[in-house]
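K.L.:
For reference, the chains in residue letters:
Number of protein chains: 2
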Amino acid sequence: MAHYPQETFLNVKLAPGSFLEKKRHTASVASLKQQLGFLKSTGRYEAFKLKWLPVYDEPPAIWPIGSWLFWDSDIGKWLEGACYFLHTDYDAEVDAAVQELTDMLSNAQHDDGYLNLHYSIVEPTSNRFTNIRDFCELYNAGHLLEGALAHEHYYKNDKLLGPMIRYVDLMIKTFGPGEDQLHAYPGHPEIEIALLRLYERTQDKRHFELAKYFITERGNPKGVDGRHYYDWEADKRGDDPNARPYFYPERTPSNWYYSASVPLVEMQSVEGHSVRPMYLLTAVADMVRMDPTSTSDFQKAIVRLWEDMVSTKMYVTGGIGAMPQYEGFGIPYFLPQGTDEGGSYAETCAAIGIMMMVDRVLQYDLDGSFTDIMELAFYNAVLTAISTDGRKYTYINQLASSNANPADRSEWFRCCCCPPNIMRTLAIIGGYFYSQPASTEVGAKHVAVHLYSSSTLEFTASDHPSKLTQTTNWPWGGDIDFKLETSSKAVSVSLRIPQWTSDWSIEPVPPLKEVTKGYITLPAEYLAANPTFTLKIKLDVRMLASHPFVNTDIIAVARGPIIYCVEDFDNPWVDDHFKSLQLDPDARVTERGVKDPSTAEEYVSLDVHRGASLLPIKSLKAEPSIPWRTLTKAAADTQLIEELHLVPYYFRSNRGGKGMARTGIRRWIR
Amino acid sequence: MAHYPQETFLNVKLAPGSFLEKKRHTASVASLKQQLGFLKSTGRYEAFKLKWLPVYDEPPAIWPIGSWLFWDSDIGKWLEGACYFLHTDYDAEVDAAVQELTDMLSNAQHDDGYLNLHYSIVEPTSNRFTNIRDFCELYNAGHLLEGALAHEHYYKNDKLLGPMIRYVDLMIKTFGPGEDQLHAYPGHPEIEIALLRLYERTQDKRHFELAKYFITERGNPKGVDGRHYYDWEADKRGDDPNARPYFYPERTPSNWYYSASVPLVEMQSVEGHSVRPMYLLTAVADMVRMDPTSTSDFQKAIVRLWEDMVSTKMYVTGGIGAMPQYEGFGIPYFLPQGTDEGGSYAETCAAIGIMMMVDRVLQYDLDGSFTDIMELAFYNAVLTAISTDGRKYTYINQLASSNANPADRSEWFRCCCCPPNIMRTLAIIGGYFYSQPASTEVGAKHVAVHLYSSSTLEFTASDHPSKLTQTTNWPWGGDIDFKLETSSKAVSVSLRIPQWTSDWSIEPVPPLKEVTKGYITLPAEYLAANPTFTLKIKLDVRMLASHPFVNTDIIAVARGPIIYCVEDFDNPWVDDHFKSLQLDPDARVTERGVKDPSTAEEYVSLDVHRGASLLPIKSLKAEPSIPWRTLTKAAADTQLIEELHLVPYYFRSNRGGKGMARTGIRRWIR
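Protein sequence lines correspond, in order, to chains A and L. If you number the first sequence the way this note's numbering does, the last residue is 680 and the count never jumps. If you number the second sequence the way this note's numbering does, the last residue is 680 and the count never jumps.
Don't read these hints as lab results, they were simulated from the structure. Among the clues, some could well be false.
Because identical chains share one entry, a pair is satisfied inside a single copy or across any pair of copies.
Once the Cα atoms are required to be at most 27 Å apart in a straight line, the calculated BS3-like pairs of lysine-lysine come out as [unchecked claim]:
id, residue 1, residue 2
1, Lys546, Lys605
2, Lys548, Lys631
3, Lys477, Lys605
4, Lys523, Lys61
5, Lys643, Lys548
6, Lys628, Lys527
7, Lys310, Lys631
8, Lys402, Lys232
9, Lys32, Lys527
10, Lys43, Lys628
11, Lys50, Lys548
12, Lys32, Lys310
13, Lys548, Lys605
14, Lys310, Lys628
15, Lys169, Lys61
16, Lys527, Lys643
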């Protein structure tokens, strides 16, 4: 059996009152029902009764995508998250809603298994699967299938999974290499993830094969009649080649937008919409784990694209996607902080995709360089997307605000992929903490610890019921006390040592302090002798720069896995979104424990003493260049900020204010 | 009479062998006939016989613009330049071609005065003036009219100007505020410039009024039926609103592309395609000069948009337009050096537009801050666009090369606006050197000297035939010897003192050394006593930085009006387009006089001694951020370049090589 956090989270008990338990609890008691309310008030809930809604008459805000085209997925993600929470936080209203939705979905299914809102009510059913590129039937189906897997796991019935498997049967008939089949693959990957999870449950090889077909066929330049499937399909629809979806900056075809310019095994660089390759690579990694011999080229593609992304297209927060227009990757090293500097997007769903992908990779390659980024993305690019009260969200996680895009939050979005995504992610967050590599799976005797948070993992080691407990104040404190409770003498544990730490130790001292690919393994003998031990990771304040090719010369401040930002709430003198602020990377920074009175959030804030200043921008003359010495003189004339106050980036936009915030700060050269 | 360089250049004799005389001579003996050859071989020449050409069947490369849609303007610009050169460098072949083209154009004219290639042969004539936004009839007409003005000036007959005035008569009937008139204005300004020049020749007020109507109506949000003219026109054509011209990055309407989002008097920032606002503002400045009282809001708009452009959207070379897709302005302070950093375009025609605009502004506002930019743009963004042999061009004047866009030149372009534009500009370059402000026009006793180059201006001062001669090695030497020859005792002279110089003097010392708006005025008494005098302008090597908000932290090297660059020809070790090169702004730089053996170009090259280095980029790990100290350590590990060799930017891409060049160099912090 594979490790899927969607299932293993049930083996992990988050310690009450711990940082992540509080986040999960908020999602459960606030977000889940707040989102149910919006599903209902926006029509998404009732939509599956297949009555006509006024919204269907509205022209698409993002042509050609009607705003209801992803409603199936919103329902699927909410259902999925709701079923996870029902295991641990039963709620009768949620239970009733899940069951009602299940009935509605089941009733909305066509006789042949087809299930999709748009082609059941807005456009004729006969048009189904004619715009596989943009109309996202398979994306929707993937989320509904993931919801059905969670439903079956909780309710132990097939009221939703049964219909979804019938839909998958229709897909198996419809898609494939056969002459009478469509050689298609989804414009937005997701069904691949769901099919592989389904395969693990059903062991029906056809489920694996369909996922593999979608992955392998993707980007085939000669998929049908010697042409790319999307181009063939567009011509078949009679699309005007000059009619461009709003999200294409340039001409058609723009198959790069879909991560489908070339087959994945040939792709050299992540491209296009940033969520799509993350979901795709999540499925690819799962496929590699299941069938490593036939998929080694895909394994190489994962590494190649990952390294390209992390080194040239990732923000210091772990966010990805600089380009607002297509929610996607820009050119290498193009990482503006804000839209007034050329773009900054870093969509929440893309960061969640990083977590999903890394979790799958770690199943076959325990490599802490992946885990470090998963933690970075989670604590910053993901956690920042939900308010402390669990009722407001961000979709775009820009690094700096501007007048056009102030730092703020919304309760809902027209395209509302992110809120249910973060809710379902927090529901299973414990599942990301630990894994038991597949090779030792039967009576797993080896546990790898990826993330640190007070919690207890229950597992069996060669039939011995066992527990591994960690107690820590992470991410604010770096000491993690472990307790292993097992009657087995054969349990070993690997602990991730983050690359960013300047020092770490384990007490009692283990026999070998060797770190292999970011993990130290404590052998069974050591653990038998030392069932309690402490990992101490030094959480220095770190001053981070960008690669010299990045187009902004900034310093970002980090402590442990947390990236910090400045907000006007703590620095009320700001009037320019901190654009003229400079930060000395050698500045003295002090830490301060805070319990915020308005949100009750507890965190460590950072104060910079006489290490930041404001450039006198207004005194610089309007010219296409400035004599270098004028600039140094201007730099010398800067106005010193006695104390600059920083808060965790994830905590931004929770306390009101003027909507001014910035993460990377201009480097002060003195 | 106004000063137009198109006419006053005949009063200026360039000294044989001087820097600019050689450039003009090359354009005359090489470019003029080389371009005539391409006009013939590409079909542009014969096209006006109105026979069908195969190119008309080709789908537009830049949809919806067929590549022949601007051919009228190519012919117009070439004709114009040819007529200027005929005055000074008579050539029988050129003369014959001009006369043959004149006949062809005259024969191609419709009975009602209409004259346009596309609507005479490719699309039905009845469709004329139905796509005023994109199909550029009025732009073409403007260039043909400027050609006709030059033709009449040389041939002293109306064989071309007569037909063009008949076309203007048709425009006067067609366009205007009347109920039966089109409330239209050209998608690409140019006719406005031509109409105002025509008005100066004809004194027919209707010519002024039509230009003023086009300028004033532009951007009217309620131009026709309560709607913007371009939107109304697009609907009338039945355009699919989702069919986007290739040059629109985002959805329709994109009237900002045409500098028509709002009326000019309300516009706060230059926008869109960068040539259009320059041509528009050229005409606006001429209109302001002619009728300052009724156009003061336009005068304010010129200053406002100029300051916005110069301070936030201009490259260190004087080039404008960062965005290749629409050849236009990006957001403020977005000035990447190369396309691999997000864009760099700086089209030649836009820089020529700056020169045209400044020349017009100086007629009513003698302000050296305009002139400094005109000189910057001319010596760098314009001169770089023509090879030393006058046979190859650049269209895009990027500041740094990349693998996708190496530093190179072409003999011709599909859209070939730039080569004839630079040719006609060099033809009249002497006309930019001097002006005699309109207020003193009758027997002008005052001469303003804007640009320095060995030359003689002939003028009359209160009926006294007079001469002002300057002898200088500018732009390589800063001493300018002047000689005033006149029997008038009332001539005064203003000399521009560039803002960039650190020191200057005049010998013999004038009574007042006061500089007003960038000019010192030598009074008549001083000149009567000192008919020969010398202006000495110090030409230091200057290290230039960008405004701190600009997204690249670079140093550019300048000396006098010349901006320098590095090329692989002189620095053959380069393998990354100088991306990892760093330059110390405090480095020691020495000057060296060079006569290049392959091109015979004489210039001053600059050598940087132990002041440049290469960052060890390859040793930096792939991560979304780099600890600041790693970066400083990497900076310390840089590989010193003993001697870095720089050449004038205008001289780039003339000697072969690998196509690697860069202007602004990363600032080395040590």
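K.L.:
Give a verdict on every hint.
P.N.:
Consistency of the hints with the structure:
1. Taking CA atoms no more than 27 Å apart as the test, Lys546 paired with Lys605 passes inside one copy only; the shortest distance there is 24 Å, against 68 Å between copies.
2. Taking the shortest Cα distances, Lys548 and Lys631 sit within 27 Å of each other only across copies (22 Å), while inside one copy they are farther apart (46 Å).
3. For a Cα distance limit of 27 Å, the shortest separation of Lys477 from Lys605 qualifies neither inside one copy, at 32 Å, nor across copies, at 82 Å.
4. In this homomeric assembly, Lys523 and Lys61 never come within 27 Å of each other (Cα to Cα): the closest approach is 64 Å inside a single copy and 84 Å across copies.
5. Taking the shortest alpha-carbon separations for Lys643 and Lys548, only the inter-copy value of 22 Å comes in at or below 27 Å, while the best intra-copy value is 39 Å.
6. Proximity of Lys628 and Lys527 under a CA criterion of 27 Å is satisfied inter-copy only: 21 Å between copies versus 50 Å inside one chain copy.
7. Taking the shortest alpha-carbon separations for Lys310 and Lys631, only the inter-copy value of 19 Å comes in at or below 27 Å, while the best intra-copy value is 52 Å.
8. Proximity of Lys402 to Lys232 under the C-alpha cut-off of 27 Å is found in neither arrangement, the shortest distances being 45 Å within a copy and 40 Å between copies.
9. Proximity of Lys32 and Lys527 under a CA criterion of 27 Å is satisfied in neither setting, with 31 Å inside one chain copy and 66 Å between copies.
10. Taking the closest pair of Cα atoms, Lys43 and Lys628 never come within 27 Å of each other, the shortest separation being 49 Å inside a single copy and 51 Å across copies.
11. In the homo-oligomer, the alpha carbons of Lys50 and Lys548 never lie at most 27 Å apart, since the shortest distance is 47 Å inside one protomer and 75 Å across protomers.
12. For the identical chains of this complex, Lys32 and Lys310 are neighbours neither inside a copy (38 Å) nor across copies (59 Å), given an alpha-carbon limit of 27 Å.
13. For a Cα distance limit of 27 Å, the shortest separation of Lys548 from Lys605 inside one copy, 22 Å, qualifies, whereas the shortest one across copies, 62 Å, does not.
14. Taking the shortest Cα distances, Lys310 and Lys628 sit within 27 Å of each other only across copies (21 Å), while inside one copy they are farther apart (51 Å).
15. In the homo-oligomer, the alpha carbons of Lys169 and Lys61 lie at most 27 Å apart inside one protomer (22 Å), although the nearest pairing across protomers, at 72 Å, exceeds that limit.
16. With identical chains, the CA atoms of Lys527 and Lys643 are at most 27 Å apart between copies only, with a shortest distance of 24 Å across copies and 47 Å within one.
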